Amino acid sequence: MNQGLQFDDAGRLRHLLTIEGLSRQTILEILDTAESFISVGEREIKKIPLLRGKTVVNLFFESSTRTRTTFEIAAKRLSADVINLNVGASSTSKGETLLDTIRNLEAMHTDLFVVRHAESGAAHLIARHVPPHVRIINAGDGRHAHPTQGLLDMFTIRRHKGAFGKLKVAIVGDILHSRVARSQIQALKALGVAELRVVAPKTLLPVAVEKLGVRPCTRMEEGLDGVDVVMMLRLQRERMQGAHIPSEHEYFNLYGLTPAKLALAAKDAIVMHPGPMNRGLEIDSAVADGPQSVILPQVTYGIAVRMAVMALIMGGTPAIREPATRDPASRKPAERKKHQ
Amino acid sequence: MTLVIQGGHLIDPANNVDGKKDLFIDDGGFVAGVGKAPPGFKAKKTIDARGRIVCPGLVDLRARLREPGLEYKATIESEVHAAVAAGITTLCCPPDTLPVIDTPAMAQMLQSRAWRFGLAFIHPLGALTQRLEGKLLADMEALDEAGCVGFTNALSPVTDTLVMRRALEYAATLDLTVFLHAEDPWLRNGGCVHEGEVGTRLGLPGIPEAAETVGVARDLALIEQTGCRAHFCGLSSARAAAMVAQAQKKGLPVSADTTAHHLHLTEHDIGDFNTQCHVRPPLRGKHDREGLRKSLKTGAISAICSDHQPHEPDAKLAPFARSEPGISALETLLPLTLRLVDEKLLTLPEAIALLTHKPAGIIGVETGQLGIGATADICIFDPEIRWTLTGDKLVSRGHNTPFLGQTFRGKVTHTLVGGKLVYEGSKT
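Residue numbers (the numbering used here), protein chains in the order written: chain A, 1 to 340; chain B, 1001 to 1428.
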């Protein structure tokens, strides 16, 4: 459905707005490219010249230090010039429309916009109205999509669990309001996981969620039984005011991930969280800091994945692929085999 | 000027006319003869209607002309031209203008401004409560005297059920019709699409179908209690239509309409955040669309309206939830209804009835029919012309429609209001 907008005439990824519509092959291409960028962050000189001379604008209509910083680091490691704009506090508050803001910034010859906005569909709107040479990465729009988060989660799963085909995965928490959950679901479906469950009280499950190809569960016992991956979601505290849940205490009792609940999953299950975590609300510290947690590696991988997405949509694919072509053995052959 | 419309296929469902008949109009603008010229009739003008359908001018129960207050979107002048180009000769305007139509002066001003152009008839709907605030009743008797054909709070909810009860009781006292947009505002909860598959996929806040059915249930209980005559505007769900049908069976004085676009589009047409499909009530699922269509056949829904809402381009250039709801719909009202004939849901006379005498009956005006002595408000269309809707073909100032680029069958060639030819379109 998003093929037309996300891809150019030659079928190359032009924008990254959502994972919906991306093929398994495209997702794996992004993950493989990210794999080649992991080592960049481990070097003394953490820069490659792929986007030298390009201008990347982090356009955040909604504040998010963590995501913005990872995009900033990713762009800088690719040698781009990076500008951070917290637009919520400037132009829009003066009455300027979203498209006016974009047009003004475009006039400053921006090559890539990384956009975060509180409204679903904002990135699509912008992508429809920028000239062909300008690229858009959706860094989170309303409840709709957070594709780079979804991709970095896939990267993390692949690194720790290998192939997707036999995995049972549970996404736990506020599915209704979560853009992260939607992107995770689309990515996991595209990659062909064996089973995908979403776990939440009915007040936090969207209507017709099963149409997304998931099994809705309202009890942790059912949702976590034998899963290989547990993906926790952040719960906004204001959901209590909206009568979605009665109290933090009750939510934690029912849906908080504790060692006892995690024991329902497979012994070697991994625990993920997009951060920032609410300890004692959605996750127990013993789990968050425990041996099955891969929450911190997720952050590290996030930079490589965002570098990969930027490189791919800016047309940098051949340069990225080059090292792999020269020396495939340097790219963890065992893992490569798993996801062929 | 005396006039004969010659050689056309006359369809006048109110009078059970469906056949090739000439229509004779006297110099007062009234129908003087059907099929046969009255004695001594001499036509000064002849309209050749061979191969065309001649029917009463269309009656649209809900069209925003944006004046006063929102002239940057459209004006009475621009929209009455669009109306007659679409064969619509009578328009009802909701009171949610700026200022609100809650005084006789406002109601009269709207009609006198419209009449300056001598095109379509404009009938205002008066506010049910002052400033549409849902607190104090508007002066319904004075508004009725000033020409309002019904009373409504438009899309502003009357959240206080007691105020709603009083409003219905008061309207019943004066034998007035109340037009209801039934929607529970708490269940709507700021939603912008149907709460269903598409809203879930796109992460857009949904309006459950229950918001409409709870609203209809509340209002039906109050209608039963007060005996008020009421009309449900723009039903979007199968269940609400069924509830209205059941109330009609019980003998409650209720009627209902739906919009032409709800009969054709579903939530799936939103695709990737197509803001042209942002409407209120929202486009629902296929089951609801089929339920609405069935209600046309059973008669529970007795009018199709445009719910015309022209917008300036910027109104739709925003993220979906922030874009303004509404479609510029005057010019697709007849073509979309004719599509229901092509799809074998309705016969042509049934379709025309839903656009003419049935809506006219709801607002209690003597139009929508072409019996002898009736005002000669007439729509003539060529049912065989195929045409594609493009922005440059739209007469309305609002180009906000999801139907751009679509091909339709049937095009208005002439529109007469009070016997006067007010629109003559392309003959090919």
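Note that these hints are calculated values from the structure, not bench results.
Here the structure is a predicted model, which is why all the values come from computation and not from measurement.
Glycine included, each C-beta is placed from N, C-alpha and C at the ideal position.
Treat the hints with caution; some may be incorrect.
What the hints assert, rightly or not - These stretches of chain B come out as covered by chain A in the derived footprint (C-beta under 8 Å, 3 or more residues):
id, region
1, 1186–1197
2, 1203–1216
3, 1225–1234
Unchecked claim - In silico negatives: residues of chain A with every beta carbon more than 12 Å from chain B:
id, residue
4, Asp100
5, Ser183
6, Leu205
Each hint, compared with the structure:
1. 1186–1197: holds (count 3)
2. 1203–1216: holds (count 5)
3. 1225–1234: It is violated: at least three residues are needed, and the region 1225–1234 of chain B offers just 0 whose Cβ sits closer than 8 Å to chain A.
4. Asp100: violated (9 Å)
5. Ser183: violated (10 Å)
6. Leu205: Given a closest Cβ separation of 9 Å, the condition is violated.
Checked against the numbered hints given earlier, this structure breaks hints 3, 4, 5 and 6; the rest are met.
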